[in-house]
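Enquirer: Spelled out, the chains give:
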Amino acid sequence: MNRTFKLLLTAIVALLLLAACGSDDEKVNKEASKAANAEVNKEGFPIVDEEIELTMMAPGVGIEEWKNMETLKAYADMTNIQFKYVTPPSDDFQTKLNLAFASGDVGDIIYGAGTSDLTPAMEVDYGQQDVLVPLEKLIEEHAPNLKKLLEERPDVKKSITTVDGHIYSLPVVNAETEGTTASWATGPLWYNGKWLDELGVKELPKTTDEFYKLLKRFKDEDPNGNGEADEIPLLDVKMNSSRPWLMAAFGMKEWGIEENDGQVRYTPIEPEYKDYLTYMNKLYEEKLLDPETFSQSDEQKKAKGEDNRIGVFPDWFSYFTTGEPEEDAVNNPMFYPLTTDESKEPIVPISTGMTRGAFSITENNPNPEASIRWIDYFYSEEGGAFLNQGPEGFLWEWDDKEAGTKKKNDLPDGYDSSEDYRATLTPDYGIAAPALKVETDVYGDKTKFEDFIASEIENKIAPFGEVPFPLVYLTTDEQKEVNTIEVDLESYVEQMEAKFITGVEPLSNWDNYVETIKKMNIEKYIEINQAAYDRWAESD
Amino acid sequence: MNTAISETKTDKMIKTFIYIFLSLALIGVLYPVIYIISASISNPADVNSGKMWLFPKGITLEGYKIIFENSDIWRGYLNTIFYTVLGTSINLAVTIPAAYALSRKDLVGRNLLMGIFVLTMFFSGGLIPTYLVVKSLGMIDTIWALVLPNAAAVWNIVIARVFFQSSVPVELEESAKIDGASNFKIFFKIILPLSAPIIAVMALFYGVGHWNEYFNALIYLSDKAKFPLQLVLREILVLQEMTTENTQISGSMAEAMHSKQQLAAIIKYGVMIVSTLPIIVAYPFLQRHFVQGVMIGSLKG
Chain Y
37 MNRTFKLLLT AIVALLLLAA CGSDDEKVNK EASKAANAEV NKEGFPIVDE EIELTMMAPG
97 VGIEEWKNME TLKAYADMTN IQFKYVTPPS DDFQTKLNLA FASGDVGDII YGAGTSDLTP
157 AMEVDYGQQD VLVPLEKLIE EHAPNLKKLL EERPDVKKSI TTVDGHIYSL PVVNAETEGT
217 TASWATGPLW YNGKWLDELG VKELPKTTDE FYKLLKRFKD EDPNGNGEAD EIPLLDVKMN
277 SSRPWLMAAF GMKEWGIEEN DGQVRYTPIE PEYKDYLTYM NKLYEEKLLD PETFSQSDEQ
337 KKAKGEDNRI GVFPDWFSYF TTGEPEEDAV NNPMFYPLTT DESKEPIVPI STGMTRGAFS
397 ITENNPNPEA SIRWIDYFYS EEGGAFLNQG PEGFLWEWDD KEAGTKKKND LPDGYDSSED
457 YRATLTPDYG IAAPALKVET DVYGDKTKFE DFIASEIENK IAPFGEVPFP LVYLTTDEQK
517 EVNTIEVDLE SYVEQMEAKF ITGVEPLSNW DNYVETIKKM NIEKYIEINQ AAYDRWAESD
Chain C
189 MNTAISETKT DKMIKTFIYI FLSLALIGVL YPVIYIISAS ISNPADVNSG KMWLFPKGIT
249 LEGYKIIFEN SDIWRGYLNT IFYTVLGTSI NLAVTIPAAY ALSRKDLVGR NLLMGIFVLT
309 MFFSGGLIPT YLVVKSLGMI DTIWALVLPN AAAVWNIVIA RVFFQSSVPV ELEESAKIDG
369 ASNFKIFFKI ILPLSAPIIA VMALFYGVGH WNEYFNALIY LSDKAKFPLQ LVLREILVLQ
429 EMTTENTQIS GSMAEAMHSK QQLAAIIKYG VMIVSTLPII VAYPFLQRHF VQGVMIGSLK
489 G
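Each protein sequence line maps, in turn, to chains Y and C. The numbering of the first sequence is my numbering, which starts it at 37 and goes up by one. The numbering of the second sequence is my numbering, which starts it at 189 and goes up by one.
If you are wondering where the hints come from, they were derived from the structure by calculation, not from laboratory data. Nothing false has been slipped in among the hints.
Okay, the calculated bits of chain Y under chain C, using three or more residues with CB under 8 Å as the criterion: (1) 114 to 125; (2) 133 to 139; (3) 335 to 341; (4) 351 to 358.
For glycine and all other residues, C-beta sits at the position ideal for the given N, C-alpha and C.
One chain only, chain Y, in its complex shape (with noise of 0.2 Å):
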């Protein structure tokens, strides 16, 4: 009895023994599909003419699978080429991506990652490993769309291409970014305008002492009428959203690395910082910044906005935080780019128009020429329409063809908003999807809010943007290299900046502060920056 036990336990053993050491003839059946390289034809609908399907990795917002999203479905019909998708959940895209990366089983197509998933760092990694495949001699010969994007906007193409030449990823680019919500870095400010008309404030604060008076105002004169002091002034959660512009009173265009006549700086450690420290401290210490501000989450700040408690505030759109109807919101004033004495003339720091990493073809793709065909249609004005849209008959349809007119279809019942809708019909809805993106708006009538906002960014930011810094790419030293420096810089710099704001560390520590992050090695980190820099400038 005892030796059949003994016999069993050792025939365990030496099976798992023998499980462990596996075969790889993975290698070989990757080999054997690649050769299924499908005819492609050059021009027009289908892609192909032999059905193909492809497997394509996307974030997913999780309103509708997207094999039953009609855009999809429609294309998959026009081009013949038919997807698997593996769309995780976008927020935990990235470990998923970091995961099929390292395991080998990426799918043909990464699409609508995006810098934060997708990075440069990764695309420059994984390119020169061969895991993704370049891209510019595609596009030369059968991208005719973006073969034109290219031309047309140089910034665009010296944006994508990487320090070895090679495009490995394509961008989300903005065919306007001037006057529309495109060119937002962040969210702006927004004025609480009941408290405005409540204090007869005609004309917003220009600089940044007139900022401070109507803020004290704010604190003592009771625009919310409720005859108790329970206003708060300027608020934000952490500084992330607000920064942005109070900085740019300084003349800073970024809390990091900017450029300002090819020359490279590192703000933090910039006289114009100590002012805005400074300035920021006298907020805090007469309580018109938000006390709670470094501690509080997101939801209580709504939750003050609902109050009405809050004078200056950040948000995408105002009524995020004062939770008025959209109609309403068009009384709450943009904050208007303040100056100082030093700084006289008013800047706002603007997005590039542009995200990368949002489409890459992968090694493992059997058909790189059908895939660039694919994306190259939503690069035309017509195509990128057509992602954001939808085809016809859900959410619009032609009212006079031969014009090119469209007219808005009924909403179908159980949906609130066009954008609901809109979010089962097409994968362009909260992911970087790559496309030209044009003026989305195509059936005339605007609303008021979306005039209000067009106007306030007229005024307010297009006659004073600036990108603060390029999107360039490194190499893979120089990207180990700045690793290693942002890892301390950036923690560093975000708690000293918290204690200089509280005044927990007073300002007189300023010089030990420059110090302490001379001493992180900020030359090198700057000079790397630099290179990057030249290197983008000088590229064509």
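Model the placement of chain C on the given structure of chain Y, informed by the hints.
Expert: Showing chain C alone in chain Y's frame:
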């Protein structure tokens, strides 16, 4: 000097102190529970602004209504129950026999085997290699990825082994053997009926683990229909950082985030209750075994 009286005084003081201390502990433990229950039926604006601090304010059942209407949550709930039941059964089927076998002194290579087992507690293959193994076994995006890779937890095997060693007398096995029982017969007819406490403890350990598990599901699953509850909740409640550097967000993205945030605010506390309720309900019934079982294992180890 009357020592008896002065002693009662000290006794009284100590007693008072103990009561005060215990009351404080009770408040400390009870307050968050009451807070969450109240918050789940209060108006989210009142909760966030701090107006609701103990009893519900602006009572609304909107949150629960949304939860009960959300099919994702219910599908996740069913999935989790399924994974927990199946996973725990597999865990038990592996752990109990393994622990029993290792507890037998006549098992050849017992120490070596135990050594190999214990080794895995200190050195693991790491995330990526484990993922690759699961992948080459064809378990990616299947329920097996959630229940098989962690089928045996060495720590639990150790606890169960010590239980068998200390609370099942060897004489019992010997006498069974003399009566002609085989090893399997001894295990099924004698050992199992005696090990109810350890089975209950193991079931609770593993069950709670499966119930709260989300990381494996996050790594191995991509089909939404298979997501367990924790992953569904994570998707609803954990918000993307809106101000990611270098990432451009568009108006529609901002709008999407905003509505997601509003939804999260309403149902946050409700889902906490709904998702922990089964464990809270089951715990008192198993608790007796729980404490007893762990004690048996640890004391005589």
